[in-house]
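Chemist: Next come the chains, spelled out residue by residue.
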Amino acid sequence: MHNLQIRQLISKTFFGMVCLFSFLSALPLVLILGYLLAKGVSALNWQFFCRMPQPLGEAGGGIANALLGSALLLAVAFALAVPLGLSLGIYLAENKKSRLADCARLAVEILQGVPSIVVGLVIYTWLVLPLKTFSALSGGAALALLMLPVIVRSTEETLRLIPLELKEAALALGVPYYRTILRVIVPSGLSGIVTGVLLSLARVAGETAPLLFTAFGNPFLSWRLDRPIESVPHLIFYYATSPYAEWHRLAWGASFVLVLSVLCLNLAAKFLTRRWRVQF
Amino acid sequence: MDILTIQNLCVSFLENTVVRNVSMNIEEKKVTAVMGPSGCGKTTVLRAVNRLHELSSHARVTGKVILGGADLYALDAILVRRKIGMVFQRPNPFPTMGIYDNVVAGYLLNGLKLNKPEMDNLVEESLRAAALWDEVKDSLRKRGAWLSGGQQQRLCIARALAMHPEILLLDEPTSALDPKAAASIEELIVQLKKTVTIMLVTHNIAQASRVSDFTAFMYLGELVEFGASEKMFTTPQDKRTEEYLTGKFG
Amino acid sequence: MLRSLSLQTKENIFQQILAKSAFFVAAVLFLFFLTLLVKAWLAIWSNGFDFFTGAVWDPLTGVYGAFPLLFGTLLTSVLALLLTLPFALSIALFLGEFFRKGLAASALRSSVELLAGIPSVVYGFWALFVLVPLIRGLEITLGVVPLGVGVLAASLVLAIMIVPYAASLSAETIKLVPQDIREAAYSLGATRYEVVRRVILPHARSGICAAVLLALGRALGETMAVTMVIGNANKMPASLFDAGNTMASLIANELAEATDPLYVSSLMQVGLLLFLVSALINLAGRYVVKKFSVET
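Chains as they are written, first to last, in my numbering: chain V, 244 to 523; chain A, 1489 to 1738; chain S, 58 to 353.
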């Protein structure tokens, strides 16, 4: 009887500890978000979004160059990674056991774990050194390489869950294979695929390390693919490690905007998975 | 009159021969049932007629399948499949399309152009033929997922009929349905044979006897017996058929 | 023009595109590795084994011993992992075992997802302005040099960052423990703790291992947050409060200013090592998960 009480006590204590630790781990999040809200929102005004950074010492100014740059970098990454990712995702879902599929699957898996700084290093060698300039193109390529695994895996997993009967239904109507895939299978898995793309964008939107020596950064407004370009995460890094209070203020504003955008992408992805899901 | 002739059909997957030397003639505007215990190769024969085995690189098909005088295996698989309608075990309407689009999916997906009145007519005609028109005529734009299993299966039949197939293949069309829905499909099959030739695969002996004019009995990949249903169900020639019909195996 | 092509040609083109994309991605990864290897070749030969054992990294004299960096990377990652584990396992048990549904669970789940979504540069920024002053205060109380930045700050911020990676996969595997085993244990009169200890954890062991590996991989390669708070000193840290550096952070700091070919090549060698280690950890994780999925 006594023994049982001790066991119960241990169990209760353990349960309490699990709950305690679980909620303690939410503490940093609250602190970070709180700090961002407190410091970031006050930095936001129309100037912040529309104006360029001012010379040191002058108040005001904004991060228009970084916002535009990030948009451009993400657009380049999107354009490079989405077609390739979809195509590979379809290939892997359709060819489960071929040798090539195994190789590609392994490559994607390894790519997913490669530290982003190493991706930057390689893209630097591939694109920056031969072109002799940092460029938006190379930054976009680095981000594309980081997006790719997320898109491939979500596409493959989504398409695998689509019942074989659907494919047979289309083929039995005399629909060619490529049309079956593009017009029946892909639309049926569209919500999963779009979710994957959104998540991949969310993943790379805040990446800084691979941009350090690809997109590099640029204090001026630029939309050229062959020139260095600023991005929001890079601007945060650059301003945060500077000694100027005014730049810190801008960096807090930029952090707030960045976290909010990533959050929105994640929420949109979640919403899509729930709402758009096709019933089989 | 025979519309479809199968000659010495053999199908193998890797080293496994699943169907061995099957030959039969399918008569026009009749229902021919193919029955047998599971694993006997009956579905494999049906899929061979529609050349669906070509999806798998392991499958090998030999022999001839002749439809209206032409060897199907000498034609383009895609054209063959457009001439032959197929309905599967589990209802499989396209989930991203409405009912209307599902019926004309064969045209939409193949990029075959039809004008609006033609298409409207085709949809109504096919849905009426599949005995589904009255139930869905007011919600043609809705997706098919809210339909009951039996209704979905009739939608799939309408989809196949819309292509005006020369022959309609039904692969255990009622096995995933409740008894009531199954009965309505059976009724529909009897109706349909006025206009189209039907080849029906089933493991349900009673169903074969109820709806078919001819019956083939397959066992272990071979065609054991083939003939008029009345005769087969009353006086089977082969001992194995008799044992199957009396429930000794399968 | 596309319309005029025959069906068979279109079919072939489509198949070709799919297969080519698979080939392309496999080739990209192979070239990825090859690039690093070629670029690091000079350093591999000229640094020799000293790269792994040498304690001095000095571009001015051309000495590239990466031991302090390897040590710094391992130290911060392992420390972060140790700090994370109790929290991550608690979350995993909370979400996977005790409260699968309900308000508390979904709040916790969202907070973990949010943590995963915050960009590392924001973590670094926050750590620099909140965590570092706190540590500096602690250092003053303890009477050590009040740097603020250093190994401890880096490990702490890493620990926060990898919680989601360790927690979510662990929670998934705990959820996969069959219900009947659980019920069998409870029906024998085991307490909640005993069920977790004797049934759940042993059963989910390999999944948790994979989660830990995944989190370790993340920690090893993490760059921005670390580089902002570790102090970037290429020497052996004397204590947890001392400044140090990691491999990823070193590359981020020095590549832009490296001009000497051997210097660049040595940085590439660090990158190559980082790539190999992360690939290895990934494959190990994959192996563990595979073994696990066969078992159940």
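Some hints could be false.
Unchecked claim - So, partial list: chain A residues that the calculated Cβ filter (under 7 Å) puts toward chain V: (1) ASN1580; (2) ASN1598; (3) SER1697.
Stated by the list, open to error - Only part of the chain V face toward chain S is listed, based on derived beta-carbon distances under 8 Å: (4) GLY259; (5) TYR334; (6) ARG342.
If you are wondering where the hints come from, they were derived from the structure by calculation, not from laboratory data. Here the structure is a predicted model, which means the values were calculated and not measured. The beta carbon of each residue, even a glycine, is placed where N, CA and C say it ideally should be.
Chemist: Have a go at the ARG342 (chain V) hint: is there a Cβ in chain S nearer than 8 Å to its own Cβ?
Modeler: Not OK, violated: ARG342 (chain V) not within 8 Å of chain S, min 10 Å.
Chemist: Against chain S, with CB atoms and a cut of 8 Å, does the hint on TYR334 (chain V) hold up?
Modeler: 4 Å, holds
Chemist: Measuring from the C-beta of ASN1580 (chain A) to each C-beta in chain V, is the shortest one below 7 Å?
Modeler: 4 Å, holds
Chemist: For the hint on ASN1598 (chain A), just tell me whether its beta-carbon gets within less than 7 Å of chain V.
Modeler: With a closest approach of 6 Å, the ASN1598 (chain A) hint holds.
Chemist: Holds or violated: is the Cβ of SER1697 (chain A) closer than 7 Å to a Cβ in chain V?
Modeler: 27 Å, violated
Chemist: Quick one, is the GLY259 (chain V) hint okay against chain S at 8 Å, beta carbons?
Modeler: With a closest approach of 11 Å, the GLY259 (chain V) hint is violated.
Hints 3, 4, 6, counting from the list given before, are not met by this structure.
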